Amino acid sequence: DGGITQSPKYLFRKEGQNVTLSCEQNLNHDAMYWYRQDPGQGLRLIYYSQIVNDFQKGDIAEGYSVSREKKESFPLTVTSAQKNPTAFYLCASKGLLMNTEAFFGQGTRLTVV
Amino acid sequence: ILNVEQSPQSLHVQEGDSTNFTCSFPSSNFYALHWYRWETAKSPEALFVMTLNGDEKKKGRISATLNTKEGYSYLYIKGSQPEDSATYLCAFPKSSGDKLTFGTGTRLAVRP
Numbered sequence: 878d879g880g881i882t883q884s885p886k887y888l889f890r891k892e893g894q895n896v897t898l899s900c901e902q903n904l905n906h907d908a909m910y911w912y913r914q915d916p917g918q919g920l921r922l923i924y925y926s927q928i929v930n931d932f933q934k935g936d937i938a939e940g941y942s943v944s945r946e947k948k949e950s951f952p953l954t955v956t957s958a959q960k961n962p963t964a965f966y967l968c969a970s971k972g973l974l975m976n977t978e979a980f981f982g983q984g985t986r987l988t989v990v
Numbered sequence: 068i069l070n071v072e073q074s075p076q077s078l079h080v081q082e083g084d085s086t087n088f089t090c091s092f093p094s095s096n097f098y099a100l101h102w103y104r105w106e107t108a109k110s111p112e113a114l115f116v117m118t119l120n121g122d123e124k125k126k127g128r129i130s131a132t133l134n135t136k137e138g139y140s141y142l143y144i145k146g147s148q149p150e151d152s153a154t155y156l157c158a159f160p161k162s163s164g165d166k167l168t169f170g171t172g173t174r175l176a177v178r179p
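In the order they appear, the protein sequences are chains Z and S. Sequential numbering from 878 applies to the first sequence in our numbering. Sequential numbering from 68 applies to the second sequence in our numbering.
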């Protein structure tokens, strides 16, 4: 089945540690996205990528890093520089045509302990 | 309007009521307007992607309209059912169309 997979579903991190969230899609989509959701807020864009080996900062990129070495994969690293990393993270992918919809993973809930 | 704005923030209706909510977006450099439904414990799923001014789309009891000149879209639900309870998000691609930016959503609760 085609889809987009995030792992893990739950992640606990100690303060000061970097942690990497996985996002894989087999939909052959060119564009991939990382969003963050905090309680009572909408989805805020962290990073996005339109093509392999290229990515752009979203609205809240500070403290995060990404890579796009393969079309299928867009991992997100939450670095120790991110001051408030506890949140729900969603990955999405989309074709490049304007009238195509985005598909989402199940999300990763990150908690800093 | 510089970003995507949705109203109301939350809505409580009785089963059988019809309801609607609004998504406002910058009217310049319009590319497309997306609507998604996000049910608890699930991933957001697309309802509509609208690209033309005056577009009207329908899926069962849910429909949407688009006015790109004034920068708004309405989502209508006719005869709400408890299974319609979800957060409804609209999204607006910025710049080249790939920076997909979401509104804060409208949380709908339908009482049986």
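Honestly, the hints are just simulated from the structure, not real lab data. Since we're looking at a predicted model, the values are computed, not measured. Cβ coordinates follow ideal geometry from the N, Cα and C atoms, glycine included. Possibly wrong hints are sitting among the right ones.
[To be verified] Pairs of lysine-lysine residues, derived as DSS-like cross-links and limited to a Cα-Cα distance of at most 25 Å, are as follows: (1) Lys891(Z) to Lys948(Z); (2) Lys166(S) to Lys948(Z); (3) Lys947(Z) to Lys166(S); (4) Lys125(S) to Lys145(S); (5) Lys161(S) to Lys948(Z); (6) Lys166(S) to Lys109(S); (7) Lys161(S) to Lys934(Z); (8) Lys886(Z) to Lys109(S); (9) Lys886(Z) to Lys947(Z); (10) Lys145(S) to Lys161(S); (11) Lys166(S) to Lys934(Z).
[Unchecked claim] Just some of the chain S residues that point at chain Z, by a computed CB distance under 10 Å: (12) Val71; (13) Leu78; (14) Val80; (15) Lys109; (16) Ser110; (17) Thr118; (18) Asn120; (19) Tyr143; (20) Gly146; (21) Ala158; (22) Leu167; (23) Phe169; (24) Gly170; (25) Thr171.
Results for each hint:
no. : hint                   : in the structure
1   : Lys891(Z) to Lys948(Z) : violated (31 Å)
2   : Lys166(S) to Lys948(Z) : holds (17 Å)
3   : Lys947(Z) to Lys166(S) : holds (20 Å)
4   : Lys125(S) to Lys145(S) : holds (11 Å)
5   : Lys161(S) to Lys948(Z) : holds (22 Å)
6   : Lys166(S) to Lys109(S) : holds (23 Å)
7   : Lys161(S) to Lys934(Z) : holds (13 Å)
8   : Lys886(Z) to Lys109(S) : holds (12 Å)
9   : Lys886(Z) to Lys947(Z) : holds (22 Å)
10  : Lys145(S) to Lys161(S) : violated (31 Å)
11  : Lys166(S) to Lys934(Z) : holds (9 Å)
12  : Val71                  : holds (8 Å)
13  : Leu78                  : violated (15 Å)
14  : Val80                  : violated (21 Å)
15  : Lys109                 : holds (8 Å)
16  : Ser110                 : holds (4 Å)
17  : Thr118                 : holds (5 Å)
18  : Asn120                 : violated (14 Å)
19  : Tyr143                 : violated (19 Å)
20  : Gly146                 : violated (25 Å)
21  : Ala158                 : holds (7 Å)
22  : Leu167                 : holds (6 Å)
23  : Phe169                 : holds (4 Å)
24  : Gly170                 : holds (6 Å)
25  : Thr171                 : holds (4 Å)
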